[in-house]
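Fit chain B to the given chain A structure using the hints.
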Amino acid sequence: MLFPTLAFGIFFLLVFCGHWLLVRYQLPWKIFILGVSWFFYACWDWRFLGLLILYTVVNHCLALAASRCGTPPDKRWMIMAVIFNIGLLGFFKYYGFFTISAYAACARLGLACPLPLLDFVLPVGISFITFRAISYVIDVHRHVIEPAHSLVDFAIYKAFFPQLIAGPIIRARHFLPQLYRIASVARVDSGRAAVLILGGLFKKMVIANYLAEKLVDPVFTNPATFYGLDVLLGVYGYALQLYCDFSAYSDIAIGVALLLGFDFPENFNAPYFATSLRDFWSRWHISLSTWLRDYLYVPLGGSRCSMARTYTNLILTFLLGGLWHGASWTFVTWGALHGGCLALERFARDLTGRLNLPRLPLPDRAVRFFQRILVIHVVCLTWFFFRGQSFGDAMLLINNIFILQGHSQLFTPFVIFMLVAGFSTQFMDGARLAPVWNAYNRLPPVWQGLAAAVVVTIIVVLGPEGVAPFIYFQF
Amino acid sequence: MKDISNIGAERHAAGCGQPVRCVAAAVFSFYIFAGLLNGVAMQKNIELLPYGTRREVCLSLIRPVAWLSRHTHAADLRTGLDQFILMHKKKDIKE
Numbered sequence: 000m001l002f003p004t005l006a007f008g009i010f011f012l013l014v015f016c017g018h019w020l021l022v023r024y025q026l027p028w029k030i031f032i033l034g035v036s037w038f039f040y041a042c043w044d045w046r047f048l049g050l051l052i053l054y055t056v057v058n059h060c061l062a063l064a065a066s067r068c069g070t071p072p073d074k075r076w077m078i079m080a081v082i083f084n085i086g087l088l089g090f091f092k093y094y095g096f097f098t099i100s101a102y103a104a105c106a107r108l109g110l111a112c113p114l115p116l117l118d119f120v121l122p123v124g125i126s127f128i129t130f131r132a133i134s135y136v137i138d139v140h141r142h143v144i145e146p147a148h149s150l151v152d153f154a155i156y157k158a159f160f161p162q163l164i165a166g167p168i169i170r171a172r173h174f175l176p177q178l179y180r181i182a183s184v185a186r187v188d189s190g191r192a193a194v195l196i197l198g199g200l201f202k203k204m205v206i207a208n209y210l211a212e213k214l215v216d217p218v219f220t221n222p223a224t225f226y227g228l229d230v231l232l233g234v235y236g237y238a239l240q241l242y243c244d245f246s247a248y249s250d251i252a253i254g255v256a257l258l259l260g261f262d263f264p265e266n267f268n269a270p271y272f273a274t275s276l277r278d279f280w281s282r283w284h285i286s287l288s289t290w291l292r293d294y295l296y297v298p299l300g301g302s303r304c305s306m307a308r309t310y311t312n313l314i315l316t317f318l319l320g321g322l323w324h325g326a327s328w329t330f331v332t333w334g335a336l337h338g339g340c341l342a343l344e345r346f347a348r349d350l351t352g353r354l355n356l357p358r359l360p361l362p363d364r365a366v367r368f369f370q371r372i373l374v375i376h377v378v379c380l381t382w383f384f385f386r387g388q389s390f391g392d393a394m395l396l397i398n399n400i401f402i403l404q405g406h407s408q409l410f411t412p413f414v415i416f417m418l419v420a421g422f423s424t425q426f427m428d429g430a431r432l433a434p435v436w437n438a439y440n441r442l443p444p445v446w447q448g449l450a451a452a453v454v455v456t457i458i459v460v461l462g463p464e465g466v467a468p469f470i471y472f473q474f
Numbered sequence: 000m001k002d003i004s005n006i007g008a009e010r011h012a013a014g015c016g017q018p019v020r021c022v023a024a025a026v027f028s029f030y031i032f033a034g035l036l037n038g039v040a041m042q043k044n045i046e047l048l049p050y051g052t053r054r055e056v057c058l059s060l061i062r063p064v065a066w067l068s069r070h071t072h073a074a075d076l077r078t079g080l081d082q083f084i085l086m087h088k089k090k091d092i093k094e
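Just so you know, the protein sequences line up as chains A and B, in that order.
If you count by numbering that gives the first Met the number 0, then the first sequence holds residues 0 to 474, one letter each, in order.
If you count by numbering that gives the first Met the number 0, then the second sequence holds residues 0 to 94, one letter each, in order.
So here's chain A without its partners, still in its complex pose (with noise of 0.2 Å):
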């Protein structure tokens, strides 16, 4: 059930109505919400339904068992929900993948590789179901929250419809809270969640499909039939497309999520206009990004350690969170990419601080936009290897950059126009939209209505024909 279909919409109509009748009877309530999480969930695959109340129910048993431990804490419970959760994420995602990896290397020396390859369908969200669970584990084996009051309330956190299938990965310190709470909440900041759903359908049906269509799947399905400026179109309407497509789930994960009175936090800010790869991190899937940082790199020993070992955890941060991302090598070396790039900016960083080197004799604003045309371009040459479908393909859309040709096929004015228009979306992160949302809260509820109505008639208007899922669905 893709949100921007009619399927969704009367489902979450229903979900609406039910949720804020019941919301002052507690267990009607959650079983409610957890039923219709649950329900959301099967739309996808019933079979999977199953797995996730295992993920649900061992990894409570094992929150509660590390809970009870005292100071300092028997890190054994943590380390099984670990390994409990790491091992099913393998199994579905990585089984394959590292299958045929040993099938080749054992080819190439010779060797019988004994291992069966088996054909899996990939439970669909998987990746972010098992990054909250460990998140919520290792928090309570640390202390910094409590276990959930009970199975049913874990249960809802695991499962709670807007956040499950893409993320934004809330972190259990965030929502539980805010479970407890729910029958409380007396205001619903119905502005912020409008333009958040708006613009999300806007992003996605509109600007996000048209680059999909138009650009980006013509370049990146026949990458020996692009040259020069066509390639470069096609790297930055990616780019575009997919700060468009991912964001636009996000924010309507968060729109939904406050119409429910849930609040959750942003997942992108700007990433374009970044000025450093580690800023470019800050605010690209903030949600991904912080959980690396907690639960990989601090514990690996983050920057408080020697130089070199600083730089080593930054690339072996990267390399997990790109193979994260997807089985494949492509994505380990856009992964490996951003990681070698972080420490050496790290490094340049480190040199230019203990040189003292002179400052460029430009304006800051001039250093700004040339930095982050630089960022620009460095996330674009990593975005070859996530988009790409084979190295061979990146490595060869790469190289033919640099193949001049007189005719361009995919530079008109619309494809121009509309990456413009990716670009300028950016602005609607954060809290740069906030008099719009103040003045969507100021209009009488009937106007609102009315207001959405019309919006969204245009957004169905101006998209192409159909909606395409979603690309963060794959990981």
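Hints may contain errors.
As the list claims (entries may be wrong) - Where chain B lies over chain A, by a calculated footprint (3+ residues, C-beta under 8 Å):
1) 261-275
2) 458-464
Stated by the list, open to error - Residues from chain B shown here face chain A by an in silico Cβ test under 10 Å; the list is partial:
3) 18
4) 37
5) 49
6) 57
7) 86
Unchecked claim - The following label-pair restraints were derived from C-beta to C-beta distances:
8) 411/A x 63/B: 13 to 23 Å
9) 20/A x 63/B: 18 to 28 Å
10) 23/A x 12/B: 18 to 28 Å
11) 224/A x 12/B: 51 to 61 Å
12) 415/A x 72/B: 32 to 42 Å
In short, the hints are calculated from the structure, not lab data.
Here a beta-carbon is modelled for each residue, glycine too, at the ideal position from N, C-alpha and C.
Just chain B, lined up with the frame of chain A:
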């Protein structure tokens, strides 16, 4: 860069937002207006679905909405918008 992790809490503290009753009224009016504007178009889309229970259920749900949409002439607005966009899309293709 401004910290955006607490937007919700800051707005809550500032008293932004509306009572749940008003939000519910806005949501219901959205569904009514969206149904009126798009009822006929939605019915046409559902008619394209493969024959089966799902199609029949959806059609029986949407029929009254489409009827209202047609008889209040709200569907004409959507048709006009569709034709306007189609005209411009055709112009793009010719170019």
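Verification of the supplied hints:
1. 261-275: holds (count 5)
2. 458-464: holds (count 3)
3. 18: Where the cut-off is 10 Å and the nearest Cβ of chain A is about 6 Å from residue 18/B, the hint holds.
4. 37: With Cβ-Cβ at 6 Å, under 10 Å, it holds.
5. 49: 15 Å, violated
6. 57: With a minimum Cβ separation of about 8 Å from chain A (threshold 10 Å), the hint on residue 57/B holds.
7. 86: At about 12 Å, which exceeds the 10 Å cut-off, the nearest Cβ of chain A leaves the hint on residue 86/B violated.
8. 411/A x 63/B: 13 to 23 Å: 43 Å, violated
9. 20/A x 63/B: 18 to 28 Å: 23 Å Cβ-Cβ, so the 18 to 28 Å window holds.
10. 23/A x 12/B: 18 to 28 Å: 24 Å, holds
11. 224/A x 12/B: 51 to 61 Å: 56 Å, holds
12. 415/A x 72/B: 32 to 42 Å: Given range 32 to 42 Å: holds, Cβ gap about 38 Å.
Hint violations for this structure: numbers 5, 7 and 8, all remaining hints satisfied.
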